[in-house]
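There are 2 protein chains.
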Amino acid sequence: MAEANISDLIEQYLKEILSQDEITEIKRSEIASRFAVVPSQINYVINTRFTLQNGYIVESKRGGGGYIRIEHVDLVDDTKIFDELIDYIGDSIGNNNADQIITALLEDKVVSEREANLMVAAIDKNSLRISDKVSENTVRARVLVGMINRLRFESTNIHG
Amino acid sequence: MAEANISDLIEQYLKEILSQDEITEIKRSEIASRFAVVPSQINYVINTRFTLQNGYIVESKRGGGGYIRIEHVDLVDDTKIFDELIDYIGDSIGNNNADQIITALLEDKVVSEREANLMVAAIDKNSLRISDKVSENTVRARVLVGMINRLRFESTNIHG
DNA sequence: ATAATATTAGTCAGGAATGGTCAAATTATG
DNA sequence: CATAATTTGACCATTCCTGACTAATATTAT
Numbered sequence: 001m002a003e004a005n006i007s008d009l010i011e012q013y014l015k016e017i018l019s020q021d022e023i024t025e026i027k028r029s030e031i032a033s034r035f036a037v038v039p040s041q042i043n044y045v046i047n048t049r050f051t052l053q054n055g056y057i058v059e060s061k062r063g064g065g066g067y068i069r070i071e072h073v074d075l076v077d078d079t080k081i082f083d084e085l086i087d088y089i090g091d092s093i094g095n096n097n098a099d100q101i102i103t104a105l106l107e108d109k110v111v112s113e114r115e116a117n118l119m120v121a122a123i124d125k126n127s128l129r130i131s132d133k134v135s136e137n138t139v140r141a142r143v144l145v146g147m148i149n150r151l152r153f154e155s156t157n158i159h160g
Numbered sequence: 001m002a003e004a005n006i007s008d009l010i011e012q013y014l015k016e017i018l019s020q021d022e023i024t025e026i027k028r029s030e031i032a033s034r035f036a037v038v039p040s041q042i043n044y045v046i047n048t049r050f051t052l053q054n055g056y057i058v059e060s061k062r063g064g065g066g067y068i069r070i071e072h073v074d075l076v077d078d079t080k081i082f083d084e085l086i087d088y089i090g091d092s093i094g095n096n097n098a099d100q101i102i103t104a105l106l107e108d109k110v111v112s113e114r115e116a117n118l119m120v121a122a123i124d125k126n127s128l129r130i131s132d133k134v135s136e137n138t139v140r141a142r143v144l145v146g147m148i149n150r151l152r153f154e155s156t157n158i159h160g
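Line by line, the protein sequences are chains A and B. Heads up: the first sequence runs through residues 1 to 160, numbered per UniProt numbering. Heads up: the second sequence runs through residues 1 to 160, numbered per UniProt numbering.
Hints are supplied without guarantee of correctness; some may be wrong.
The list cannot tell twin chains apart, which means a pair is met if one copy fits it or any two copies do.
[Said to hold, decoys possible] Cross-link-like lysine to aspartate or glutamate pairs, in silico, DMTMM-like; alpha carbons within 25 Å at most:
hint	residue 1	residue 2
1	Lys27	Asp132
2	Lys27	Glu113
3	Lys61	Glu107
4	Lys109	Asp21
5	Lys80	Asp132
6	Lys133	Glu11
7	Lys125	Glu136
8	Lys15	Asp99
9	Lys61	Asp124
10	Lys133	Asp8
11	Lys133	Glu107
12	Lys125	Asp91
13	Lys61	Glu11
14	Lys109	Asp132
15	Lys27	Glu16
16	Lys125	Glu59
Simulated from the structure, these hints should not be mistaken for laboratory data.
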């Protein structure tokens with residue numbers, strides 16, 4: 001597809017590196033100049049694409065010999081991360097963030113694609129839309145219908 | 001006899017593209033100017049003609065390099081059971097009735113046990129509890145945590 | 001040791017480029 | 001005529017990109 005954003009390209013570049021090693025250390029200024037962007041854009045990419053809900057842990061150090069270390073964590077093996085994930089969700093979460101979490105669960109094979117699709121359908125914003133009139137049973141109907149509609153389609157994507 | 005309105009023409013145009021590729025990415029403003037309509041009419045066309053029930057999955061992103069992605073997916077062979085269930089559910093359904101529907105899907109082997117458990121967790125009455133100050137994101141957090149906890153409660157392995 | 005300087009990375013706010021929502025106005029349909 | 005579908009526009013939300021300023025750490029000078 002059309003990955004028009006530089007941020008997307010930087011993301012791809014970093015994930016390419018991480019597909020070979022579970023952990024990598026980069027120099028912010030080096031990546032920035034490689035893609036001809038200001039250094040702070042690297043922070044932007046990391047903050048929007050390499051978060052815990054995406055399955056990454058990031059550490060850094062400033063000063064001479066400074067670095068940014070990105071580690072891909074395996075949700076299956078790390079119960080503690082799992083706890084932190086639920087902790088992160090807390091009392092409130094938006095549709096996009098929730099989708100990211102489910103994507104991370106899928107990529108780490110905690111759930112199958114069919115299961116992930118059901119989860120995405122369950123937390124869809126159209127289903128959970130709340131107005132004055134809605135009752136619990138109204139929302140339940142929408143959530144259930146949303147999940148059933150998801151089942152109407154074959155799983156098309158890869159990831160298996 | 002139905003005179004083709006602009007929305008119909010836009011629909012045809014998009015479906016023409018989708019007849020060649022299963023998936024396409026458009027720029028809302030580009031399509032809008034091509035047909036000389038306001039951008040939000042593209043949303044109207046998508047919301048009325050490219051729905052899940054019709055076999056389309058739509059995703060979008062805003063901001064620079066934003067897009068609307070439309071994917072056409074194939075219906076599974078036996079769709080009758082879904083229609084009937086959705087018809088039965090209607091606009092409102094209680095926890096027990098919903099559980100029964102999910103059990104029926106499980107017994108018919110439409111869903112696996114893990115999938116059924118996820119669905120049950122999603123429509124749990126504690127998750128969908130609605131009071132005066134709940135927001136959409138509040139309910140979403142409860143639904144998502146409920147499903148994740150269900151996954152932990154079982155084995156966290158897809159093949160387990 | 002301590003201070004000064006150099007070398008990193010982090011934060012934040014703003015502007016630009018998208019797409020989304022909602023309801024009023026208009027048009028088509030039965 | 002009554003209702004549903006379409007069309008429009010004002011306003012909102014999100015994402016990306018930049019740069020000025022800040023913070024932390026290492027190195028060098030005194």
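- Query: From the Cα coordinates, with 25 Å as the cut-off, is the pair Lys61 and Glu11 best called within, between, both, or neither?
  - Reply: Intra 20 Å, inter 16 Å, cutoff 25 Å: intra and inter.
- Which holds for Lys27 with Glu113 at a C-alpha limit of 25 Å: within a copy, between copies, both or neither? neither (35 Å within a copy, 28 Å between copies)
- Within, between, both or neither, where Lys15 and Asp99 count as close if Cα-Cα is 25 Å or less: Only inside one copy: Lys15 and Asp99 sit 19 Å apart there, 27 Å across copies, limit 25 Å.
- Item | Homomeric proximity label, Lys27 with Glu16: Cα distance no greater than 25 Å | Close inside one copy (16 Å), not across copies (28 Å); limit 25 Å.
- Message: Checking an output row: Lys125 and Glu59, CA cutoff 25 Å. Within, between, both or neither?
- Response: between (29 Å within a copy, 13 Å between copies)
- Query: Is the C-alpha distance from Lys133 to Asp8 at most 25 Å within one copy, between copies, in both cases, or in neither?
  - Reply: neither (41 Å within a copy, 33 Å between copies)
- Quick one: Lys133 to Glu107, C-alpha cut-off 25 Å, is that within a copy, between copies, both, or neither? Neither, since 38 Å and 34 Å both go past 25 Å.
- Query: Checking Lys125 and Asp91: alpha-carbon separation at most 25 Å within a copy, between copies, both or neither?
  - Reply: both (16 Å within a copy, 16 Å between copies)
- Tell me, please, which holds for Lys133 and Glu11 at an alpha-carbon limit of 25 Å: within, between, both or neither? Cα proximity of Lys133 and Glu11: none, with 40 Å in one copy and 33 Å across.
- Query: Are the CA atoms of Lys109 and Asp21 at most 25 Å apart within a copy, between copies, both, or neither?
  - Reply: Within one copy, since 18 Å is at most 25 Å while 28 Å is not.
- Query: At most 25 Å between C-alpha atoms: does Lys61 with Asp124 qualify within a copy, between copies, both, or neither?
  - Reply: between (31 Å within a copy, 16 Å between copies)
- Item | Intra/inter-copy verdict for Lys27 and Asp132 if alpha-carbon distance must be at most 25 Å | Classified as neither: same-chain Cα gap 39 Å, cross-chain 35 Å, threshold 25 Å.
Of the numbered hints stated above, those contradicted by the structure are hints 1, 2, 5, 6, 10, 11 and 14, listed in ascending order.
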